[in-house]
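Residue numbers (the working numbering), protein chains in the order written: chain A, 1180 to 1477; chain B, 5 to 657.
These are computed hints drawn from the structure, not numbers from a lab.
We treat Cβ as the ideally placed atom computed from N, Cα and C, and that holds for glycine.
Among the hints, a few may not be true.
As the list claims (entries may be wrong) - Quick list of in silico lysine-lysine cross-link-like pairs, BS3-like style, CA-CA up to 25 Å:
#, chain 1, residue 1, chain 2, residue 2
1, B, LYS265, A, LYS1235
2, B, LYS563, A, LYS1336
3, B, LYS203, A, LYS1287
4, B, LYS314, B, LYS273
5, B, LYS348, B, LYS314
To be verified - Computed far set for chain B versus chain A, every beta-carbon distance over 12 Å:
#, residue
6, GLU297
7, ALA356
8, LYS526
9, ALA604
Unchecked claim - Just the calculated beta-carbon pair ranges, DEER-fashion:
#, chain 1, residue 1, chain 2, residue 2, range
10, B, ASP431, A, ASP1257, 34 to 40 Å
11, A, HIS1313, B, ASP431, 36 to 42 Å
12, A, GLN1334, B, ASN240, 26 to 32 Å
13, B, GLU455, A, LYS1256, 19 to 25 Å
14, A, ASN1436, B, LYS314, 37 to 43 Å
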Amino acid sequence: MKSSNIYRVLSKEPLLHFALIGAVVFGGYHWLNGRLPEADKAEPIHIGEGDIQWLKQTWASQWLRDPTAEELSGLVKDLVGEQLLAREAEAVGLGENDTIIRRRLAQKLKFVIEDTVQLAEPTEDELRQFYASHMASFATAGTVSFKQIYLNPEQRKEPMADATALLAEMRSKGNGDTVAGDRLLLGDDFQRMENSALSGMFGAEFANQVFALEPGSWKGPIKSGYGLHLVMVTEHVPAESRPFDIVRDAIVTQWRNSQQNDLSRAYLEGLRKKYGVQYDEGSKALLASPGLPSVAAK
Amino acid sequence: MKTVEARTSLLCGAALAGLLAVGLAPPVSAQESVATDVGTFDADTAAKLYPVKRPYSPWAGRNFPSRPFFGDTHLHTSFSMDAGAFGARLGPADAYRFAKGEEIMASSGQLAKLSRPLDFLVVADHSDNMGFFPDLLAGKPELLADPLGRKWYDMMQSGQGAAAAVDIITAFGAGKFKGPILYSPDSAAYRGAWQQTIKAAEEANEPGRFTAFIGYEWTSGTGGNNLHRNIIFRDNGDRASQVVPYTTLPPGSDNPLDLWKWMAGYEDKTGGSVLAIAHNGNLSNGRMFPMIEPGTNSPIDREYAEIRNKWERLYEVTQMKGDGETHPFLSPNDEFANFERWDKGNLDLTVAKTPDMLEYEYARSALKNGLKLEQQLGVNPYKFGMVGSTDAHTSLTAVEEDNFFGKTSSSEPSAVRASHPFVKQGDRVIMGWEQTASGYAGVWASENTREALFDAMQRRETYATTGPRMLVRFFGGFDFDESDANTRSPAIAGYTKGVPMGGDIGPAPAGKMPTFLVAALKDPIGANLDRYQIVKGWLDAAGEVHEKVYDVAWSGDRKPGSEGKLPPVGDTVDIANATWSNTIGAPELIAVWKDPEFDAAQRAFYYGRVIEIPTPRWTAYDAKYFGVTMPSEVTMKMQERAYTSPIWYNPSR
């Protein structure tokens, strides 16, 4: 299998790995420069002060200390070897049509574009506009507080009938603090729960139903994955939008991300125009065969 | 030390602090005393000085974890070299969005969504080659020396960032982007994969609602033997960005000892905290939990034991590349041992598995050997808690059986994914259907933040599930009795009378034996529970290790048979339609169990294992959805499960 081969090579062949990386370094650099080296023009491998600094820095960021003189000379030796191999690999054309090199180059360009966009500073107007059109994503989540009475289907013959009877009893008692029903490990009393947390604990249907209840009286029974529940909501705190100044940082982040998406798409579109994309007849025929089925989520 | 916010009274607060010293003390023994400004303070002192009279509300003044948080400590994105090679196109930000419950277009072009959000996620991309881009840029000629670079820099400084961005991109497109300006003197200007990873986590992190940990995987696989570790940061980006992930390629190292040095170096340098979680011992060919130090002939020594014990407090016991609790060869009397087995060889199948390797790669045997080593060395190197995680390489942490998005993007749902080889090496093959739709980590923390979850991981108050989000409690002590299982809030008894999962007990008071309060509640949208078991391992006087599995709580009125084995719960699975019903099993299991074969002089560990009723395996959902017939050897149903972190009994503390 092709992919497993790639994995194996990556994990097992550090030498080849290095060669590939080296080829990427040089291939990428020269590709972007638009000038390919001539293999027979023997320009020596040049190691400058910057290279040594870079090696030291890379080492220090891995080992969290500076390399010793011995280690440094080993690093330089490796770098020289890597550059020699990479240069030769490129000269004999090993860098051509290599998936990993191609992917890495594409990734590098993508990083450069995305990071550049991240530097953009929005104007106050842009931010206000963005805030206004994305109000909901800067709001606090609504919460609900409630008490529940659980009816365990394993311990009852007629849980529904029991629930109805218990509901009538609870209602006639008013809002007393009576503990009733079966034990539920999650507890009986829940304070300021967001819908997502409640969904995780009881399932989404239960959560949505509890959020829809009017506070102040026992309601139900409501079904969950555990069985039946009577529920009394004691407090609703609705979702509330947060003021511009409080969430300014979040707005900037989201604005940048949205810019990034737009610009990345536009940039790719520009490249598509610049280079053009052609599908030959054979590929068209293959693409016309039945598409992948779409799998719905649970 | 865990602090308590007791508003009721100072006395009560002090008493509770003492109790918490028993219940929650993370790295120290449960019985250990706590030195304070006013002298030494331990549970006994507290109990004598301050008789516990709790406030009326049972939960007032307490900060016990009341619900588990579920998440994945091990997810790869397109930033991992191999994930990219397998076709992953989604990055860390997409991974966090998906975990938070958003609908995402998978790399294979299908819509994907979780049944409900997770509570936390660690994006753990391979460190090797992740930081390639910033390495390339670091320390190279000055951007500002170039006229174009200077121009953009000035534009950005004067608030024209957006214009500069457009200009730069245009320059790229026009081929003007040459020479020096490819490199940046300021790595903050061009972030590489690590910075992007950190940024994605920082943006996704919402304390109290969703925790996005910063992390990476250190992928040591020399010779194809899996010694991988995931590194998780307790800290925010300000600290994590002071370092780059440790690699196995030079200048890094493939030796775990060097990784642990790096971790110590990180903590020294930044004042932060990290932990490591190893995974897939089942693919290490006997090297994950060694008795002989790797690469040498010398037995594991005290130094190794201490260092490993310090950094590796959890083990990823179940994930997509098989289940690692135990193996039928190691546990022949355990009828649930043969579960999602990957035992054909090492990670790339270059070396076949032999039975002698198994002891050093499964969790249960490692816990047993840990007792042996502790006896010899005074420190247990294999004193780890349990988590499950996915190790998906798709950015999609989706391991429910009916919503399984595979290990790699090439094994996202399709009619053929089950019948294609997944790994092949000569005549050794692991087929696509053998991928395991597993697992998640359950963490008992008092709130959903990086700090609280990390601290819970440090004290091993965690459990592994193979996918379902069941709630599992496991408490050990010497004073639990039947009535503790009948209260409305058993956890209060659990925390006040014993220690939670991951803790230590012992030595036993005279005449007392270990007692365990166990409880489990089904996944609210999942299957009922079959049974709750306790797995015990111990070291006898002759220095031999043993294990035994006890059924301690189960559904219905089943009676153990002549050999003490509980009959199977039954089976409602309809494979053809990929359905089952909750007409068997129980939604909740709870019991107090006393060890009938306890010897106060012998080291032991106990952990909980919760088994669900049989349900369709992902292969059955695939067969139904795609209308394909699976080969006859394909497993089509299974019993999902959870494993708690152990509680250790030590006779000599």
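### Query
Per the stated criterion, does the least C-beta distance between LYS526 (chain B) and chain A lie above 12 Å, as a non-interface residue requires?
violated (7 Å)
### Task
Could you grab the alpha-carbon distance between LYS265 (chain B) and LYS1235 (chain A) and see if it respects the 25 Å cut-off?
holds (19 Å)
### Message
Against the 25 Å threshold, does the CA-CA distance of LYS348 (chain B) and LYS314 (chain B) hold or violate the hint?
### Response
violated (32 Å)
### Query
When you check the alpha-carbon spacing of LYS314 (chain B) and LYS273 (chain B), does it fall within 25 Å?
holds (18 Å)
### Task
Over 12 Å to the closest beta carbon of chain A is the bar; see if GLU297 (chain B) clears it.
Given a closest Cβ separation of 22 Å, the condition holds.
### Query
Is it true that the C-beta distance of ASN1436 (chain A) to LYS314 (chain B) lies inside 37 to 43 Å, as the hint says?
holds (39 Å)
### Query
Per the hint of 34 to 40 Å, is the separation of the Cβ atoms of ASP431 (chain B) and ASP1257 (chain A) within bounds?
Cβ of ASP431 (chain B) to Cβ of ASP1257 (chain A): about 38 Å, so the range 34 to 40 Å holds.
### Message
Against the range 26 to 32 Å, how does the distance between the Cβ atoms of GLN1334 (chain A) and ASN240 (chain B) compare: consistent or not?
### Response
Given a distance of about 47 Å, which is not inside 26 to 32 Å, the answer is violated.
#### Entry: Interface exclusion of ALA356 (chain B) relative to chain A, criterion Cβ beyond 12 Å
At roughly 16 Å from the nearest Cβ of chain A, ALA356 (chain B) sits farther out than 12 Å, so the non-interface label holds.
### Message
Is the claim that ALA604 (chain B) lies outside the interface with chain A correct, judged by CB distances over 12 Å?
### Response
Per Cβ check, ALA604 (chain B) is outside 12 Å of chain A; nearest 31 Å; holds.
### Message
Between the beta carbons of GLU455 (chain B) and LYS1256 (chain A), is the distance compatible with 19 to 25 Å?
### Response
violated (44 Å)
### Message
Check the hint pairing LYS203 (chain B) with LYS1287 (chain A) against an upper bound of 25 Å on the C-alpha distance.
### Response
holds (17 Å)
In this structure, the earlier hints numbered 5, 8, 11, 12 and 13 are contradicted, and the remaining ones agree with it.
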